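These protein sequences, in sequence, are chains A and B.
Heads up, the first sequence is in my numbering, so the first residue is 154 and it goes up one at a time.
Heads up, the second sequence is in my numbering, so the first residue is 1091 and it goes up one at a time.
Think of the hints as simulated: they come from the structure by calculation, not from any bench.
Accuracy of the hints is not assured; some may be wrong.
To be verified - Below, computed lysine-lysine pairings styled on DSS-like, alpha-carbon distance capped at 27 angstroms:
{"id": "1", "chain 1": "B", "residue 1": "Lys1101", "chain 2": "A", "residue 2": "Lys210"}
{"id": "2", "chain 1": "B", "residue 1": "Lys1105", "chain 2": "A", "residue 2": "Lys245"}
{"id": "3", "chain 1": "B", "residue 1": "Lys1152", "chain 2": "A", "residue 2": "Lys245"}
{"id": "4", "chain 1": "A", "residue 1": "Lys253", "chain 2": "A", "residue 2": "Lys204"}
{"id": "5", "chain 1": "A", "residue 1": "Lys189", "chain 2": "B", "residue 2": "Lys1152"}
{"id": "6", "chain 1": "B", "residue 1": "Lys1161", "chain 2": "B", "residue 2": "Lys1105"}
{"id": "7", "chain 1": "B", "residue 1": "Lys1101", "chain 2": "A", "residue 2": "Lys245"}
{"id": "8", "chain 1": "B", "residue 1": "Lys1105", "chain 2": "A", "residue 2": "Lys253"}
Predicted, not measured: the structure shown is a model, and the values here were computed from it.
Here are the chains, one letter per residue:
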Amino acid sequence: GQQVMQIPQYQHVQEGEDFTTYCNSSTTLSNIQWYKQRPGGHPVFLIQLVKSGEVKKQKRLTFQFGEAKKNSSLHITATQTTDVGTYFCAGKTGNFGNEKLTFGTGTRLTIIP
Amino acid sequence: EAEVAQSPRYKITEKSQAVAFWCDPISGHATLYWYRQILGQGPELLVQFQDESVVDDSQLPKDRFSAERLKGVDSTLKIQPAELGDSAMYLCASSHRDRGPMNTEAFFGQGTRLTVV
């Protein structure tokens, strides 16, 4: 079945340093979504990318969707303590009306103040 | 603000007992997902509904798990009999049906933390 892997599994950074997580799917995706899950919380939607090569920015966060629509990345510039949490990509596959949303393995970000 | 409602929030059950979880999605959301999340891992899709129809249950252990969404609104996930390895967070999420380039993000409920003893 479809697999969505993320690296690294864990990342510890000093506050103010940058952070990047990479997402790779075993199959071509119709779109990719990113979610953030705070400790003890549930996943919360961040963004959706649809087009090949698409780049979107949200303040200090930059999201990219690969040309082949099989990989994606999330980059955070100058991390802050509020960025702590686990970041998941989620890839959508399947035909219209039968789409499936598969979550990646996640990257857990901890910040050293 | 509309939310996905789940109950109960916590459930402790003995192995071999039956347990059920309930989810009420955001009004108007055609797609409903049940995910299982083991601590430290990503959510694993168990079953996905489009209205009242199952569109994917390939990862649902059908010998012990069942799910229904009879009227295409709220949903129930049942485990019978529960096993020790079923201890996890069970998350329900809902979304609009896909609409091309428009966002169809999944909105998650608070989850049900199941502990099987």
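Where does the structure disagree with the numbered hints, that is, which hint numbers, in rising order? Numbers 1, 2, 5, 6, 7 and 8, in rising order.
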